[in-house]
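Engineer: Spelled out from the first residue to the last, the chains are:
There are 2 protein chains.
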Amino acid sequence: MQSRTSAPRATGGRPRSVTADVAILAATRAALVELGWSKLTLGDVATRAGVAKTTLYRRWAGKNELVVDAVAALFDELEIPDRGSLAADIEGVVLQFAAILARPEAKSGLMAVVAESIRDDALRDRIRSSIVERQKLLVLEGRARAQQRGELPEENDPEAAARTADLIYDVIAGAVVHRALVSAEPVDTDWAQSFTMLLLKGLTASATA
Amino acid sequence: MQSRTSAPRATGGRPRSVTADVAILAATRAALVELGWSKLTLGDVATRAGVAKTTLYRRWAGKNELVVDAVAALFDELEIPDRGSLAADIEGVVLQFAAILARPEAKSGLMAVVAESIRDDALRDRIRSSIVERQKLLVLEGRARAQQRGELPEENDPEAAARTADLIYDVIAGAVVHRALVSAEPVDTDWAQSFTMLLLKGLTASATA
DNA sequence: GGCTTTCGCTACGAGCCGTAGCGTAACTGG
DNA sequence: CCAGTTACGCTACGGCTCGTAGCGAAAGCC
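Those sequence lines, one after another, are chains A and B. Numbered per the working numbering, the first sequence spans residues 169 to 377. Numbered per the working numbering, the second sequence spans residues 169 to 377.
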């Protein structure tokens with residue numbers, strides 16, 4: 169699940185405690201809720217998890233990597249059931265994403281690790297593979313379904329299609345994150361509907377919504 | 169310009185050095201470029217600015233407040249000249265915003281302070297008044313111009329109009345930030361045009377762009 | 001039982017934080 | 001010109017966190 173420190177995992181010897189793994193990640197999330205990113209210390213997390221500090225350092229390089237893994241687990245629940253129409257699918261994914269972002273451990277951790285990833289390429293890749301790519305798949309899936317329904321035109325050029333998908337992903341994820349974390353206002357059903365309308369129909373038509 | 173520590177500013181006595189102020193903020197930006205948020209220390213900033221560490225603490229409560237003020241100054245250059253059409257106006261503001269975000273001192277600092285603001289209401293207000301509100305004004309201005317041109321319908325209910333403006337702002341700012349900082353890909357003219365097309369015409373029509 | 005790896009524990013130097021205390025500098029009002 | 005007031009530079013300090021080293025014990029594989 170987690171790549172962690174690119175496990176060499178030689179044969180023989182005492183195996184790493186899986187219990188410790190989940191305990192550490194759970195303790196990290198709990199600490200994020202109580203203390204937030206900046207006041208979270210690895211020593212505290214180790215104590216909460218009932219684990220020696222050295223054990224923690226043997227598995228994660230530092231605070232950043234640990235929090236990414238702890239937060240990434242929250243995105244496991246992301247799914248996109250077929251709701252019958254493109255509008256309903258978009259609304260569904262927006263609300264699901266918002267539900268994750270509403271949790272304090274996600275709020276506190278996500279932005280911080282993204283901020284750190286700007287100067288740390290390895291961290292960026294970790295975020296990309298464990299969070300971003302998973303979200304992007306939902307966009308591609310919803311898009312494919314809409315094309316099958318005839319709601320969206322097929323696209324021949326695969327390169328242009330990829331660019332469009334990236335654009336849509338940035339718009340959806342960016343808008344939800346910005347609303348939830350910068351504007352700090354709730355992403356409720358009303359907002360999700362208004363946003364979906366805007367995304368589907370565009371500015372010129374959506375003012376009547 | 170900066171509210172800082174809500175200056176009581178009693179009469180008499182030695183005035184605060186304005187030179188020190190600008191030197192500290194400039195030193196902060198320089199440190200952000202070289203070290204990034206997490207490795208930036210106030211002691212280092214003080215040294216760079218040629219100022220005692222205590223002087224720095226007399227004016228700013230901590231790292232967060234200092235960086236907000238240092239980064240907020242970058243948004244002074246934000247303007248929105250009338251480019252004749254709504255599409256051109258949107259494209260212009262997107263590219264201007266992107267130009268600021270492309271600077272390493274903004275990249276490193278902005279996300280980090282936003283992340284901190286989640287657990288610090290005072291910091292959130294500081295960001296809101298010095299950065300967010302200024303951006304939102306551009307949206308309102310562009311929107312009003314478009315309505316005068318007849319490109320967008322007038323809205324009677326002021327409350328609904330405010331909600332719409334907030335939505336548009338979250339979409340524009342969110343998409344640009346997400347593209348620049350999460351996807352970490354360039355916000356160039358091509359992207360700005362595609363985004364503008366999507367925002368104006370909607371998903372159903374923009375696939376042919 | 002021998003080999004290997006992980007574990008918990010303790011201890012440590014290093015760095016940064018934020019503040020206190022002091023003497024000096026700058027500016028104001030009488 | 002001289003008191004009063006405020007900001008400044010400097011030094012020093014306790015406290016906290018970091019990340020690592022070194023040890024003996026535990027837990028698996030052959």
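Everything labelled a hint here was simulated from the structure, so no lab data went into it. Incorrect hints may have been included.
Any copy, or any two copies together, can satisfy a pair, since identical chains are not distinguished.
Taking lysine-lysine and the BS3-like style, the derived pairs with C-alpha atoms no more than 30 angstroms apart in a straight line are [said to hold, decoys possible]:
| hint | residue 1 | residue 2 |
| --- | --- | --- |
| 1 | 304 | 221 |
| 2 | 207 | 369 |
| 3 | 369 | 231 |
| 4 | 221 | 369 |
| 5 | 221 | 231 |
| 6 | 304 | 369 |
| 7 | 231 | 304 |
Quick caveat, the model's predicted, so the values are computed rather than measured.
Engineer: All the hints need checking, so say for each whether the structure fits it.
Structural biologist: Going down the list of hints, with the structure as the test:
1. Taking the shortest Cα distances, residue 304 and residue 221 never come within 30 angstroms of each other, neither inside one copy (36 angstroms) nor across copies (46 angstroms).
2. For the identical chains of this complex, residue 207 and residue 369 are neighbours neither inside a copy (44 angstroms) nor across copies (45 angstroms), given an alpha-carbon limit of 30 angstroms.
3. Within a single copy, residue 369 and residue 231 get their C-alpha atoms no closer than 43 angstroms, and across copies no closer than 43 angstroms, so neither meets the 30 angstroms cut-off.
4. Taking CA atoms no more than 30 angstroms apart as the test, residue 221 paired with residue 369 passes in neither setting, with 54 angstroms inside one copy and 55 angstroms between copies.
5. Taking the shortest Cα distances, residue 221 and residue 231 sit within 30 angstroms of each other both inside one copy (12 angstroms) and across copies (27 angstroms).
6. With identical chains, the CA atoms of residue 304 and residue 369 are at most 30 angstroms apart both within one copy (22 angstroms) and between copies (22 angstroms).
7. Proximity of residue 231 to residue 304 under the C-alpha cut-off of 30 angstroms is restricted to the intra-copy arrangement: shortest distance 26 angstroms within a copy versus 34 angstroms between copies.
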